[in-house]
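From first to last, the protein sequence lines stand for chains A and B. When we follow our numbering, the leftmost residue of the first sequence carries the number 1, and every step to the right adds one. When we follow our numbering, the leftmost residue of the second sequence carries the number 1, and every step to the right adds one.
Hint data in this document are derived by calculation from the structure and do not stem from the laboratory. From the three backbone atoms N, C-alpha and C, an ideal C-beta is built for every residue, glycine too. Accuracy of the hints is not assured; some may be wrong.
[Unchecked claim] Residues on chain A that point at chain B, a partial pick, calculated with CB under 7 Å: (1) Ala23; (2) Ala32; (3) Leu34; (4) Tyr43; (5) Arg57; (6) Thr60; (7) Ala65; (8) Phe67; (9) Asn68; (10) Val91; (11) Ala92; (12) Arg145.
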Amino acid sequence: MDAAADPPSPGLTERQRWMAVLARANAAELAALLETVPPLPAYRRLRGPESGLVMLRGRTGGAGAAFNLGEMTVTRCTVRTDDGLTGHAYVAGRDARQAELAALVDALLQDATRHSAVQQAVINPLAEAQQRRRERDGRKAAATRVDFFALATMRATP
Amino acid sequence: MAYVAVKGGERAIDNAHAWLAETRRGNPDVPEIGVAQIAEQIGRAVDRVMGEGSLFDRELAALAIKQSQGDLIEAAFLLRAYRTTLPRFIHSEPVDTAGMAIRRRISATFKDLPGGQILGPTYDYTHRLLDFALASEATVAAAPEASHPVGEMAHVHSLLRHEGLLENDEPAAAGEPGDLTRQPLSFPAPRDVRLQALARGDEGFLLALGYSTQRGWGGTHPFAGEIRMGEAVVEIIPPELGFPIDIGDITLTECQMINQFKGSKTVPAQFTRGYGLVFGHSERKAMAMALVDRAMRAEELGEDVTAPAQNIEFVLYHSDNVEGTGFTEHLKLPHYVDFQSELETVRRMRRDMAAPMAEVAQ
Numbered sequence: 001m002d003a004a005a006d007p008p009s010p011g012l013t014e015r016q017r018w019m020a021v022l023a024r025a026n027a028a029e030l031a032a033l034l035e036t037v038p039p040l041p042a043y044r045r046l047r048g049p050e051s052g053l054v055m056l057r058g059r060t061g062g063a064g065a066a067f068n069l070g071e072m073t074v075t076r077c078t079v080r081t082d083d084g085l086t087g088h089a090y091v092a093g094r095d096a097r098q099a100e101l102a103a104l105v106d107a108l109l110q111d112a113t114r115h116s117a118v119q120q121a122v123i124n125p126l127a128e129a130q131q132r133r134r135e136r137d138g139r140k141a142a143a144t145r146v147d148f149f150a151l152a153t154m155r156a157t158p
Numbered sequence: 001m002a003y004v005a006v007k008g009g010e011r012a013i014d015n016a017h018a019w020l021a022e023t024r025r026g027n028p029d030v031p032e033i034g035v036a037q038i039a040e041q042i043g044r045a046v047d048r049v050m051g052e053g054s055l056f057d058r059e060l061a062a063l064a065i066k067q068s069q070g071d072l073i074e075a076a077f078l079l080r081a082y083r084t085t086l087p088r089f090i091h092s093e094p095v096d097t098a099g100m101a102i103r104r105r106i107s108a109t110f111k112d113l114p115g116g117q118i119l120g121p122t123y124d125y126t127h128r129l130l131d132f133a134l135a136s137e138a139t140v141a142a143a144p145e146a147s148h149p150v151g152e153m154a155h156v157h158s159l160l161r162h163e164g165l166l167e168n169d170e171p172a173a174a175g176e177p178g179d180l181t182r183q184p185l186s187f188p189a190p191r192d193v194r195l196q197a198l199a200r201g202d203e204g205f206l207l208a209l210g211y212s213t214q215r216g217w218g219g220t221h222p223f224a225g226e227i228r229m230g231e232a233v234v235e236i237i238p239p240e241l242g243f244p245i246d247i248g249d250i251t252l253t254e255c256q257m258i259n260q261f262k263g264s265k266t267v268p269a270q271f272t273r274g275y276g277l278v279f280g281h282s283e284r285k286a287m288a289m290a291l292v293d294r295a296m297r298a299e300e301l302g303e304d305v306t307a308p309a310q311n312i313e314f315v316l317y318h319s320d321n322v323e324g325t326g327f328t329e330h331l332k333l334p335h336y337v338d339f340q341s342e343l344e345t346v347r348r349m350r351r352d353m354a355a356p357m358a359e360v361a362q
């Protein structure tokens with residue numbers, strides 16, 4: 001599936017923004033980027049990683065009363081680092097490794113001494129790649145925009 | 001008479017399943033298809049199985065398609081069964097379809113809508129000629145890109161709303177919406193439950209019913225006000241965090257039908273609307289859903305309820321293909337005792353009828 005979606009809106013907190021980025025990163029990407037920020041603190045899992053369901057809701061007519069549309073899979077994990085920081089993750093799909101690494105990164109980013117290194121090494125490249133994919137799909141969509149020719153204009157052409 | 005269980009046939013069943021596995025694999029000289037290949041290259045079937053299986057997970061739907069040899073109803077059944085093994089953590093916030101990352105957005109009612117008509121990856125305007133080039137493998141060129149990406153696009157119906165020409169969305173209800181997976185259907189079914197049933201309903205059934213409304217069986221003179229497809233953000237509010245978090249994107253197709261309505265003593269003439277929202281790129285299903293949603297509003301809008309598509313009970317009791325296949329296909333299970341008793345009854349009836357006729361003949 002294409003990872004296209006709206007760019008994070010400006011009203012979001014910094015933590016909401018990095019969680020959104022982590023939710024769209026795969027486990028291999030996360031593991032590779034985390035290799036570049038050693039040494040990582042030891043951590044233990046407080047909950048999960050465990051897979052379950054989210055009941056998705058829509059709105060009648062697009063903006064009216066809520067209704068239950070159907071479910072999706074989600075995987076969640078909560079970790080605590082030896083520094084005492086708790087990280088949470090809920091990510092679409094069933095990738096336990098992604099959820100665990102996302103929870104770890106969530107904890108690391110709450111540590112003032114590590115924040116900027118992790119943000120630069122992990123979040124920024126992921127966010128940029130996700131933004132590039134969104135823009136690429138947006139440009140492909142824009143290339144299929146219809147230009148109508150009014151018949152009057154066509155008749156005027158000799 | 002009730003169904004009576006029979007025992008036996010274990011070895012035959014095991015052998016049948018072994019042959020099924022071999023048949024599923026097909027000729028071993030042909031490379032085996034991978035789940036990722038199904039997810040990537042048979043995407044519309046995956047979308048349909050996710051929708052009718054009522055579970056958004058591309059990999060699981062692809063696996064179900066592989067396991068069922070492409071029998072999509074069987075695949076939806078497998079997904080429905082799998083979901084019962086998972087706990088439900090939470091529900092999402094209602095998805096914001098107005099804010100979706102647009103891949104396709106068209107309107108048959110407004111030519112010059114803000115943002116324009118975005119065709120997206122569509123089969124419309126293709127000639128429906130078999131493309132024999134696809135029979136051999138070839139590299140596909142990347143699709144052209146415009147210099148600027150499309151932006152967020154407001155719903156088309158919001159353009160007419162300020163004039164009062166189009167009915168407004170129902171206001172958000174105070175309580176929780178109904179959930180078919182937790183409470184059995186009961187009637188009269190409110191619109192939230194109807195929409196849930198339609199979203200997981202069989203595409204063929206809804207297509208036929210929607211088509212029947214166009215042919216005069218409960219006609220509502222529809223226009224495709226807007227069809228959009230793209231990726232919508234999923235947000236949840238986990239209690240341990242207490243604020244909304246974004247857990248990823250889902251592909252959705254949404255259809256807004258605009259239908260004629262002559263008005264009444266209390267409501268001035270305005271257009272009414274039918275709504276379709278479906279997992280994945282499933283335009284036919286979204287359109288059919290919107291037609292049937294509008295048809296089922298007949299009673300609410302003071303129209304005569306005469307056609308099948310307007311009969312809420314008929315539609316909702318027969319739209320689910322997993323239920324339909326269960327009840328239809330159970331007929332092939334052994335009914336030996338059942339049938340034996342009916343056989344006896346028919347023999348007796350024939351004997352009883354033959355006896356007086358024999359007397360008359362004498």
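Hint numbers the structure violates, sorted upward?
2, 3, 4
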